[in-house]
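In the order they appear, the protein sequences are chains A and B.
Just so you know, we're using the UniProt record's numbering here: the first sequence kicks off at 1 and counts up by one.
Just so you know, we're using the UniProt record's numbering here: the second sequence kicks off at 1 and counts up by one.
It should be emphasised that the hints constitute simulated quantities derived from the structure, not laboratory data.
Be a bit skeptical, because a hint or two may be false.
As the list claims (entries may be wrong) - In silico DSS-like links for lysine-lysine, alpha-carbon gap of 25 Å or less: (1) B:LYS296 - B:LYS269; (2) B:LYS196 - A:LYS13; (3) B:LYS134 - A:LYS196; (4) B:LYS13 - A:LYS13; (5) A:LYS142 - B:LYS134; (6) A:LYS134 - B:LYS142; (7) B:LYS196 - A:LYS62; (8) A:LYS116 - B:LYS341; (9) A:LYS109 - B:LYS142; (10) B:LYS109 - B:LYS421.
Number of protein chains: 2
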Amino acid sequence: MKKTVHSNAPAEKLYEQVYDYLLERIRRGEWAAHEKLPSIRELANQLDVHRLTVFKAFQLLKLNKKVFVKDKSGYYVLPDSLMLIDTQQNPIISACVYENSLSEIHQVKAEYQFSKALLDPNLLPNHYLSSYVKKVFDLYPKVLGTYSTIQGDLELREALCRYFTDEYYFHLDADELLITAGSQEAIDLAARLLVKPRDTVLIERPTYSPAIDVFRRQGADILPVEIHPYGYQLEQVESLMKKYKPRLFYLNPTFHNPTGYTVPPEQRKKLIELASSYQCLLIEDDPYRDIYFGQKPPLPLFSYDTTGCVIYIRSFSKYIAPGLSIATVACRHPLMKSLVKTKSLSDNGTPLLNQKIFLHYFFSERLQQHLEKLRIALEIRKNIMEEELAETGWKWSSPAGGFNLWISLPEAPSMEKLLEKSIEQSISFVPGSICDPLREYHSWIRLCYSYLNEQQLRDGLNRFIGIFR
Amino acid sequence: MKKTVHSNAPAEKLYEQVYDYLLERIRRGEWAAHEKLPSIRELANQLDVHRLTVFKAFQLLKLNKKVFVKDKSGYYVLPDSLMLIDTQQNPIISACVYENSLSEIHQVKAEYQFSKALLDPNLLPNHYLSSYVKKVFDLYPKVLGTYSTIQGDLELREALCRYFTDEYYFHLDADELLITAGSQEAIDLAARLLVKPRDTVLIERPTYSPAIDVFRRQGADILPVEIHPYGYQLEQVESLMKKYKPRLFYLNPTFHNPTGYTVPPEQRKKLIELASSYQCLLIEDDPYRDIYFGQKPPLPLFSYDTTGCVIYIRSFSKYIAPGLSIATVACRHPLMKSLVKTKSLSDNGTPLLNQKIFLHYFFSERLQQHLEKLRIALEIRKNIMEEELAETGWKWSSPAGGFNLWISLPEAPSMEKLLEKSIEQSISFVPGSICDPLREYHSWIRLCYSYLNEQQLRDGLNRFIGIFR
Chain A
1 MKKTVHSNAP AEKLYEQVYD YLLERIRRGE WAAHEKLPSI RELANQLDVH RLTVFKAFQL
61 LKLNKKVFVK DKSGYYVLPD SLMLIDTQQN PIISACVYEN SLSEIHQVKA EYQFSKALLD
121 PNLLPNHYLS SYVKKVFDLY PKVLGTYSTI QGDLELREAL CRYFTDEYYF HLDADELLIT
181 AGSQEAIDLA ARLLVKPRDT VLIERPTYSP AIDVFRRQGA DILPVEIHPY GYQLEQVESL
241 MKKYKPRLFY LNPTFHNPTG YTVPPEQRKK LIELASSYQC LLIEDDPYRD IYFGQKPPLP
301 LFSYDTTGCV IYIRSFSKYI APGLSIATVA CRHPLMKSLV KTKSLSDNGT PLLNQKIFLH
361 YFFSERLQQH LEKLRIALEI RKNIMEEELA ETGWKWSSPA GGFNLWISLP EAPSMEKLLE
421 KSIEQSISFV PGSICDPLRE YHSWIRLCYS YLNEQQLRDG LNRFIGIFR
Chain B
1 MKKTVHSNAP AEKLYEQVYD YLLERIRRGE WAAHEKLPSI RELANQLDVH RLTVFKAFQL
61 LKLNKKVFVK DKSGYYVLPD SLMLIDTQQN PIISACVYEN SLSEIHQVKA EYQFSKALLD
121 PNLLPNHYLS SYVKKVFDLY PKVLGTYSTI QGDLELREAL CRYFTDEYYF HLDADELLIT
181 AGSQEAIDLA ARLLVKPRDT VLIERPTYSP AIDVFRRQGA DILPVEIHPY GYQLEQVESL
241 MKKYKPRLFY LNPTFHNPTG YTVPPEQRKK LIELASSYQC LLIEDDPYRD IYFGQKPPLP
301 LFSYDTTGCV IYIRSFSKYI APGLSIATVA CRHPLMKSLV KTKSLSDNGT PLLNQKIFLH
361 YFFSERLQQH LEKLRIALEI RKNIMEEELA ETGWKWSSPA GGFNLWISLP EAPSMEKLLE
421 KSIEQSISFV PGSICDPLRE YHSWIRLCYS YLNEQQLRDG LNRFIGIFR
């Protein structure tokens, strides 16, 4: 794992290419666990490279615990659960799959669900929402017969432009917005467009776990940037940018997931300067902006950007309407043009129905009033969680917004055992290591307070504390 | 282009890896058109390879018209519209984008739209559809507050299983179905899961153009398989499978787009045998199955498959509800498990609202009655198009289903000029070369009869024939 995370690879070395080639074939199961790889001589002939190059690739495979040596000169595939192999019984359908660790945790059925950062559906104005749907059909009777454009419904993009300009001084044109089916699609599209194998990508540590998986799937070398209650150590960011020339920095600077931290305005300005100097794009993921408990958060990075180095991803799924899956991406041309083309091969545009419902719902006065109520309800739930945990001695920074507590346990428990026991008692949570590009943070956990109601929060936390003890 | 299409590449040669590396950087604009590439010596040092290897990579770049030689020994980037470069003014946002040729044509605004294989929205029972939406909100009041699972709504998957089993003898389990946002997403997910750079992929010739782009984006070497009114030349398919060990064969054997041809049942059975013998997956795209004009088409390939070599993609967007964007993929485990994981990093599941609306609409009796009317309406439109073209001397096989005529013009016109003149007069069509992995078929065009009403068809075709003459 070390190499993937730390490798300094502006130029791709030949033996690394051979390494990639071999690793890919191992992942696909062309050689099974404990099976012998072809000899150095054979591979050198086959790939038209020097034997020393194959030897160096083998050394790297060994170092990274992908193969082991036996009988002096034979290299054998090492069975390894960390290797992301999907072992297939039938070679006809063998395939390499990148894991989505968070998604595995989310498949756990639990009565006390502290793992998914989702909103309790009962906190949404469901009856009111459905009346908007009916309105949409009166306004656009042929909406179900019509494809959206790839870039997204123009009426919606124009409304979002006005909103972003009014709220955050974005000065956008509708052509600079793309509508996607949620922020996951947006992150994936940006990664597919911008990241090629061995490009360096900066990612906050800890971070939103599926983003790690998305950039890893693109073959990126991932470098972590620690996030603290006060933001980043910008000297560290600068030295990473200088040394590794990263392609982009994926960040979530407002009510950060999982920590809840918010990067202050001065750091935002400075970050834009650094990104421009070192030609590093900033992918700003901003899914929790409206869920603040005190004052409004600082303006997005995009508001400070005059050089076109920020790609702003704004999801509305989490607290507006998860069932609609609507997010939007703002960035400048010609990057936007390329992003739209990338989407055109991934789907034929976000469904029009969803965009039209979102348009009429989001910009209604009642939704804005509802958001106010939602903030209060979530703050209450956060307070309950903090109350229940007050006696434990566990540590966290009380977040000023968002859905999660990021908690440091007094000593590293056996996380596997804790998770196993919890699931047995119908409780789910996210182990810290899943949020860490380095897969450490062994004594941290993320608990989400947005999904359970007040009584469930108290009962579930009591049970969880009991298990821990 | 020759190399991309014909290269026999089970094992990746070193100089080809260097070629890929250089091409990727040219695409990104690291060296602009007319700019000099680093010397062979420099690159050999930088990449840790022999100078001869770089030399061979340069020769290949030259052969493929990516660079030209000047001053005896200098290699310069050749400006080339076919190179799929998105030239960026700002290096900070330089990126390589794979084109979607069909999508370019589709952006043309035209009064007489013969290019998009879309259904006229007036042929859908829009009023009736919206009443189903209201029903969905009564049944699932919290549908907008709820995420779907990644694999798709279980109620919908179970209903589709019963349908596929009753109609096509599929013998499926709900776990063997995935719901996607249209067939484009399904094709893209399968490509991402299964195809790595330099894998060989078989594709029909002609074919659905964005599929070519999707597999090319994955770095596949594409080998064409001619489709004829009687199907394939199976000896050719077998020899390709034998020689090139393709990873998969992407095909659309029922009312094939663009030709309208249908592969007969005996060939379907034989194809399954070949695919199993040579361990080549078959991706069966089946978006027109319900649009037959005479008798029902033969069963899908999936019905004959006992070895798990078929991935069946069934879109319901084209004629059920384009605004919902619902498709489904059927395949066996463990492939399905991997496909679901691949989707989990691309989006968080297809929106639940769309799945629930589709469920109640598609399985209603009224929809099945409506399909009968739709077939009649489309057959009438097809007949009108054939009537109008009868006097031209153009040639085509009258399709027994689908949305398109695939027409051979008497002699190859200047397609560029014909397209330009047509667009000037507000007519759009698809030039045959776009549907061809080899970019030939210069005297062929695809005209779609599903989007315009009867009068528009007559007027538009008269105008188009006039332009041609």
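Hints and how they fare:
The straight-line distance between the Cα atoms of LYS296 (chain B) and LYS269 (chain B) is roughly 18 Å, inside the 25 Å bound, and the hint therefore holds. As the CA atoms of LYS196 (chain B) and LYS13 (chain A) are separated by approximately 20 Å, the hinted pair is consistent with the 25 Å bound. For the hint linking LYS134 (chain B) to LYS196 (chain A), the alpha-carbon distance of about 45 Å lies beyond 25 Å, and the restraint is violated. The straight-line distance between the Cα atoms of LYS13 (chain B) and LYS13 (chain A) is roughly 15 Å, inside the 25 Å bound, and the hint therefore holds.
Taking the CA atoms of LYS142 (chain A) and LYS134 (chain B), the gap is about 15 Å. The hint holds against a cut of 25 Å. Restraint check for LYS134 (chain A) and LYS142 (chain B): satisfied, since their Cα atoms lie roughly 15 Å apart, inside the 25 Å limit. The straight-line distance between the Cα atoms of LYS196 (chain B) and LYS62 (chain A) is roughly 23 Å, inside the 25 Å bound, and the hint therefore holds. A threshold of 25 Å between alpha carbons decides the hint, and for LYS116 (chain A) with LYS341 (chain B) the separation of about 17 Å falls inside it, so the pair holds.
Distance check on the hinted pair: LYS109 (chain A) and LYS142 (chain B) sit about 19 Å apart at the alpha-carbon level, within 25 Å; holds. Between LYS109 (chain B) and LYS421 (chain B) the alpha-carbon distance is near 14 Å, which keeps this suggested pair within the 25 Å criterion.
Hint violations for this structure: number 3 only, all remaining hints satisfied.
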